[in-house]
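A.B. asks: Read top to bottom, the protein sequences are chains E and B.
Counting in this note's numbering, the first sequence runs from 1 upward without gaps.
Counting in this note's numbering, the second sequence runs from 1 upward without gaps.
Incorrect hints may have been included.
[What the hints assert, rightly or not] Capping the alpha-carbon separation at 30 Å, the derived lysine-lysine pairs in BS3-like fashion look like this:
no.: 1; chain 1: B; residue 1: K25; chain 2: E; residue 2: K165
no.: 2; chain 1: E; residue 1: K163; chain 2: B; residue 2: K243
no.: 3; chain 1: E; residue 1: K163; chain 2: B; residue 2: K206
no.: 4; chain 1: B; residue 1: K117; chain 2: E; residue 2: K174
no.: 5; chain 1: B; residue 1: K126; chain 2: E; residue 2: K163
no.: 6; chain 1: B; residue 1: K13; chain 2: E; residue 2: K161
no.: 7; chain 1: E; residue 1: K165; chain 2: B; residue 2: K126
no.: 8; chain 1: B; residue 1: K127; chain 2: E; residue 2: K188
[As the list claims (entries may be wrong)] If you want the ones that stay clear, here's a sample from chain B, every Cβ over 10 Å from chain E, calculated:
no.: 9; residue: G19
no.: 10; residue: D26
no.: 11; residue: Y76
no.: 12; residue: Q79
no.: 13; residue: H86
no.: 14; residue: K116
no.: 15; residue: T226
no.: 16; residue: R229
no.: 17; residue: N235
[To be verified] Non-contacting residues of chain B with respect to chain E, defined by C-beta distances greater than 10 Å in every case (computed):
no.: 18; residue: L95
no.: 19; residue: K98
no.: 20; residue: H189
no.: 21; residue: C207
no.: 22; residue: Y215
These are computed hints drawn from the structure, not numbers from a lab.
Bear in mind that the values here come from a model prediction, so they are computed numbers and not experimental data.
Backbone N, C-alpha and C fix where the C-beta goes; we use that ideal spot for every residue, glycine too.
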Amino acid sequence: MSNEQKSFIKKYKIKKAVIFMWQVFILLFFLILWEVLSKHNIINPFIFSSPSKVVKCIINLYKDNNLFIHIWVTIYETLIAFVIGLVISFLVSIILYLYNTVYKVLDLFLTCLNSLPKVALGPMIIIIAGANTKSIIVMAVLINLIVSIVVITDGFYNTDKIKIKLMNSFGASKYQIVRYLVIPSSYKTIISSFKLSISMSLIGVVSGEFLVSKAGLGYLIIYGTQVFNLDLVISGILLLVIISYILYRVVEYIEKLLLK
Amino acid sequence: MNKLVSVRHISKKYNTLQGEIEAIKDISFDINEGEFIAIVGTSGCGKSTLLSILAKLIKPSDGIVKYNIDNPVIGYMLQEDALFEHYNILDNVLLGLKIKKSLNKENREYVIDLLKKYKLENFMFKKPSELSGGMKQRVSLIRTLAIQPDILFLDEPFSALDFSTRLNVSDDVYKIIKDSGKTTIMVTHDIGEAISMADKVIVLSKCPSVVKNSYYIELDKRDCPTKNRKDKRFNYYYDLIWKDLDNNE
Numbered sequence: 001m002s003n004e005q006k007s008f009i010k011k012y013k014i015k016k017a018v019i020f021m022w023q024v025f026i027l028l029f030f031l032i033l034w035e036v037l038s039k040h041n042i043i044n045p046f047i048f049s050s051p052s053k054v055v056k057c058i059i060n061l062y063k064d065n066n067l068f069i070h071i072w073v074t075i076y077e078t079l080i081a082f083v084i085g086l087v088i089s090f091l092v093s094i095i096l097y098l099y100n101t102v103y104k105v106l107d108l109f110l111t112c113l114n115s116l117p118k119v120a121l122g123p124m125i126i127i128i129a130g131a132n133t134k135s136i137i138v139m140a141v142l143i144n145l146i147v148s149i150v151v152i153t154d155g156f157y158n159t160d161k162i163k164i165k166l167m168n169s170f171g172a173s174k175y176q177i178v179r180y181l182v183i184p185s186s187y188k189t190i191i192s193s194f195k196l197s198i199s200m201s202l203i204g205v206v207s208g209e210f211l212v213s214k215a216g217l218g219y220l221i222i223y224g225t226q227v228f229n230l231d232l233v234i235s236g237i238l239l240l241v242i243i244s245y246i247l248y249r250v251v252e253y254i255e256k257l258l259l260k
Numbered sequence: 001m002n003k004l005v006s007v008r009h010i011s012k013k014y015n016t017l018q019g020e021i022e023a024i025k026d027i028s029f030d031i032n033e034g035e036f037i038a039i040v041g042t043s044g045c046g047k048s049t050l051l052s053i054l055a056k057l058i059k060p061s062d063g064i065v066k067y068n069i070d071n072p073v074i075g076y077m078l079q080e081d082a083l084f085e086h087y088n089i090l091d092n093v094l095l096g097l098k099i100k101k102s103l104n105k106e107n108r109e110y111v112i113d114l115l116k117k118y119k120l121e122n123f124m125f126k127k128p129s130e131l132s133g134g135m136k137q138r139v140s141l142i143r144t145l146a147i148q149p150d151i152l153f154l155d156e157p158f159s160a161l162d163f164s165t166r167l168n169v170s171d172d173v174y175k176i177i178k179d180s181g182k183t184t185i186m187v188t189h190d191i192g193e194a195i196s197m198a199d200k201v202i203v204l205s206k207c208p209s210v211v212k213n214s215y216y217i218e219l220d221k222r223d224c225p226t227k228n229r230k231d232k233r234f235n236y237y238y239d240l241i242w243k244d245l246d247n248n249e
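Next up, chain E with everything else stripped away, as it sits in the complex (with noise of 0.2 Å):
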């Protein structure tokens, strides 16, 4: 390895240790201010809470053997939606390139529902499916579903002109193009699609807890609120945080070993 190279990597693995010890720097910093200014009461503790506070409900809640509990409620109604709004989404963008007129016929209403805020169709939804986790998964499918339809589907219609005219030129049916063309080439943006529906997924499934659960991140974050218990309040938010994160990892290594 020649010195330069040797300088370049040296001076990579510098950039990268100096990042992550800010990170952590920040991380700390806003901890030890948060526990001082809770501590000193220069901020209201009852409403902030502390960051032992919040370790100590944390602790407690896995005592009472309920932390996994609405842990693993939360992330089972997640990944639930995630496929299921992946599998709708995927077979509702083909049918929409096959069919460019239904296309253009239902673009309209894909841009309304794709601005509509769907937590408005929870009280709805919760009439429709009842009171119970399928609202919850329902609302968090049309959360992932439409912006999953609309970034698949124009990944589809991106596919090159070019190689759609050779495929033409070999005769090829629709289905055939779509088969060993479209699919294939939007493979980047299918897997990229992940990553959204993941989050969005989540965010759909706290927000059914909101309206209508007995279990899960969103119920402690809406029962802690109701019975003015902020630590719970906010080790459920700072839970939810973790959990997004670390969904939003495993998906990003996913989509790197499928597109290895």
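Put chain B on the given structure of chain E with help from the hints.
C.D. replies: Just chain B now, kept in the frame of chain E:
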């Protein structure tokens, strides 16, 4: 030579919201078996439209393209190599056969032989991005030949390449075509390319294009295109076609 295709009075109009655009107008000529015809014209004159009509990819507004064989197999090579990055080279070359549902052991061996013949066998399992521009064009032509077409259509096949690669690749492609003995129609805006490769050059006018002139190219010795450019009659044809295009009405 037997007549393979008769092109009679074909015209093509495109309808747009801004009005009707006439791309080509009343074009007639014949294509004989084994002939290499180049169609030359300025950019946007309707050359690719004409080629697409001949290849039956689009229908003419008027006129008729008559093939003297039943169900002719058509091979079409595009301006870009259009290789699929999600397939390796062998799968790319077999694509047309898969689509036509005619992939069998014999065809597969024929394709592998072509890849070997043109020194691409070591790249069979590589992705297109691992090949040079010239190699990609060769693969693209072999993909077109794999379906064993009765007639080959080349739509500005070298326009995406730089000048020196273009000269080398045109030599390679010419050799492959001549080895195969296929009837070939190529459109290009490059006069030199047309004269150095074709037996006959058809010059089109500006849009809506009509046939302005056609020339049988008679060089002292038909060799590879790069050498043909050095033929003493090359400049003679070049000047004639240049004048036709320069005085482009």
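A.B. asks: Now tell me, hint by hint, if it's right for this structure.
C.D. replies: Status of the hints after comparison with the structure:
1. K25(B) with K165(E): holds (23 Å)
2. K163(E) with K243(B): The given pair, whose Cα atoms are some 36 Å apart, is violated under the 30 Å limit.
3. K163(E) with K206(B): holds (28 Å)
4. K117(B) with K174(E): At roughly 34 Å apart (the allowed maximum being 30 Å), K174(E) and K117(B) break the hint.
5. K126(B) with K163(E): It holds: about 19 Å lies between the C-alpha atoms, which stays within 30 Å.
6. K13(B) with K161(E): holds (21 Å)
7. K165(E) with K126(B): holds (24 Å)
8. K127(B) with K188(E): holds (16 Å)
9. G19: Given that every Cβ of chain E is farther than 10 Å from that of G19(B), nearest at about 23 Å, it holds.
10. D26: holds (26 Å)
11. Y76: violated (3 Å)
12. Q79: violated (7 Å)
13. H86: Non-interface label on H86(B) violated, nearest chain E Cβ at 4 Å vs cutoff 10 Å.
14. K116: Given that every Cβ of chain E is farther than 10 Å from that of K116(B), nearest at about 23 Å, it holds.
15. T226: holds (27 Å)
16. R229: holds (29 Å)
17. N235: holds (34 Å)
18. L95: violated (7 Å)
19. K98: violated (7 Å)
20. H189: Holds, because the least Cβ-Cβ distance between H189(B) and chain E comes to about 18 Å, which exceeds 10 Å.
21. C207: holds (20 Å)
22. Y215: holds (28 Å)
The structure is inconsistent with the numbered hints 2, 4, 11, 12, 13, 18, 19, although it conforms to all the rest.
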